[in-house]
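Trainee: Under this note's numbering, the residues of the sequence shown are numbered 435 to 694, in order.
The reader is advised that the hints may include incorrect statements.
Computed spacing ranges between beta-carbons, pair by pair [stated by the list, open to error]:
1. Val558 with Gln587: 23 to 29 Å
2. Thr488 with Glu534: 51 to 57 Å
3. Gly682 with Thr488: 48 to 54 Å
4. His648 with Gly568: 23 to 29 Å
5. Ala493 with Thr524: 27 to 33 Å
No wet-lab data here; the hints were simulated from the structure. Even glycine gets a Cβ: it sits at the ideal position worked out from N, Cα and C.
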Amino acid sequence: MSSASVVVPPRGSPSVSRAVAILNLIAQRPGGWSLTQIASSLGLAKSSALTILTSLEAAGMVTRTEHFYDLDIGVLTPAGGFLRGSDSITQFKRQIVASELLSGELAHLAVLAGREVTYIARHVGREPLPVTAGVGDRFPASITAVGVALLAQLTDDQIVDLYGDLERFPRWSARSTADLPHLLSKLRETREAGYSVDDGETYPSVFAYGLIVHRVGNHAQDFSMSVSLLRDDLTPKRQAQALEELMGVRDALEAGNDLR
Numbered sequence: 435m436s437s438a439s440v441v442v443p444p445r446g447s448p449s450v451s452r453a454v455a456i457l458n459l460i461a462q463r464p465g466g467w468s469l470t471q472i473a474s475s476l477g478l479a480k481s482s483a484l485t486i487l488t489s490l491e492a493a494g495m496v497t498r499t500e501h502f503y504d505l506d507i508g509v510l511t512p513a514g515g516f517l518r519g520s521d522s523i524t525q526f527k528r529q530i531v532a533s534e535l536l537s538g539e540l541a542h543l544a545v546l547a548g549r550e551v552t553y554i555a556r557h558v559g560r561e562p563l564p565v566t567a568g569v570g571d572r573f574p575a576s577i578t579a580v581g582v583a584l585l586a587q588l589t590d591d592q593i594v595d596l597y598g599d600l601e602r603f604p605r606w607s608a609r610s611t612a613d614l615p616h617l618l619s620k621l622r623e624t625r626e627a628g629y630s631v632d633d634g635e636t637y638p639s640v641f642a643y644g645l646i647v648h649r650v651g652n653h654a655q656d657f658s659m660s661v662s663l664l665r666d667d668l669t670p671k672r673q674a675q676a677l678e679e680l681m682g683v684r685d686a687l688e689a690g691n692d693l694r
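Produce the entire structure from the sequences given, and follow the hints as far as they go.
Mentor: See below:
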């Protein structure tokens with residue numbers, strides 16, 4: 435499940451940015467989007483949206499059924515190449531399972547995509563929550579443990595460039611980071627601590643830690659991983675153990691070792 439909004443990135447090639455935004459929009463709701471819906475949702479002229487959709491259809495990225503567009507099998511080609519580029523996902527899952535506490539919790543691996551994170555792996559050690567991310571889902575980076583860990587690698591100036599034009603921050607609970615000053619403050623705390631915290635920002639009953647996994651395999655981009663704990667079961671001892679085990683998984687991934 436993903437409630438993240440799709441926006442056209444403000445920099446880079448406009449045509450490429452719009453094509454990516456269209457693919458991300460269609461991915462949010464399988465079953466078909468009309469040309470009018472796509473153009474309206476992204477603030478594009480229908481003629482511009484049609485030109486991009488025609489190119490995406492020719493490339494096998496989208497398919498058209500009468501008046502509706504949906505994703506086509508071609509979108510799996512670059513994703514498959516990414517996943518084949520490293521065994522990091524397999525190692526992540528194996529190491530989470532081998533961890534005493536983490537194996538019974540929810541754990542995720544994600545990458546940064548603008549103001550959102552894209553989840554590329556997950557471990558479900560207990561019943562998932564209604565807002566638990568699945569592989570391929572995109573959540574707001576500003577309110578997730580994985581997202582804040584990744585954003586903390588950017589400078590304050592880069593964060594201002596990324597979020598300065600955002601009039602309203604996505605808020606999924608009363609605890610969600612509401613504006614740029616609060617985000618900047620949270621990122622400074624994350625840099626000092628060496629890990630990020632989601633204290634009920636995505637779901638009121640959940641506490642999560644996030645950690646960076648620096649470039650592993652032949653990936654050029656850093657990952658971030660998190661563990662989500664139920665606040666009702668939270669104790670200082672349990673928190674400390676979760677963070678310690680998550681750091682152990684991070685260290686093993688970066689070293690290319692297996693925890694078994």
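Trainee: Hint by hint, note whether the structure agrees.
Mentor: Hints and how they fare:
1. Distance hint check for Val558 and Gln587: the Cβ-Cβ separation is about 27 Å, which falls inside the suggested range of 23 to 29 Å.
2. Checking the proposed 51 to 57 Å range against Thr488 and Glu534 shows it holds: the Cβ atoms sit about 54 Å from each other.
3. Taking the beta carbon of each, Gly682 and Thr488 are about 50 Å apart, inside 48 to 54 Å as hinted.
4. For His648 and Gly568, the Cβ-Cβ distance of about 25 Å falls inside the hinted range of 23 to 29 Å, so the restraint holds.
5. At roughly 29 Å, the beta carbons of Ala493 and Thr524 sit within the given window of 27 to 33 Å.
The structure shown violates none of the earlier numbered hints.
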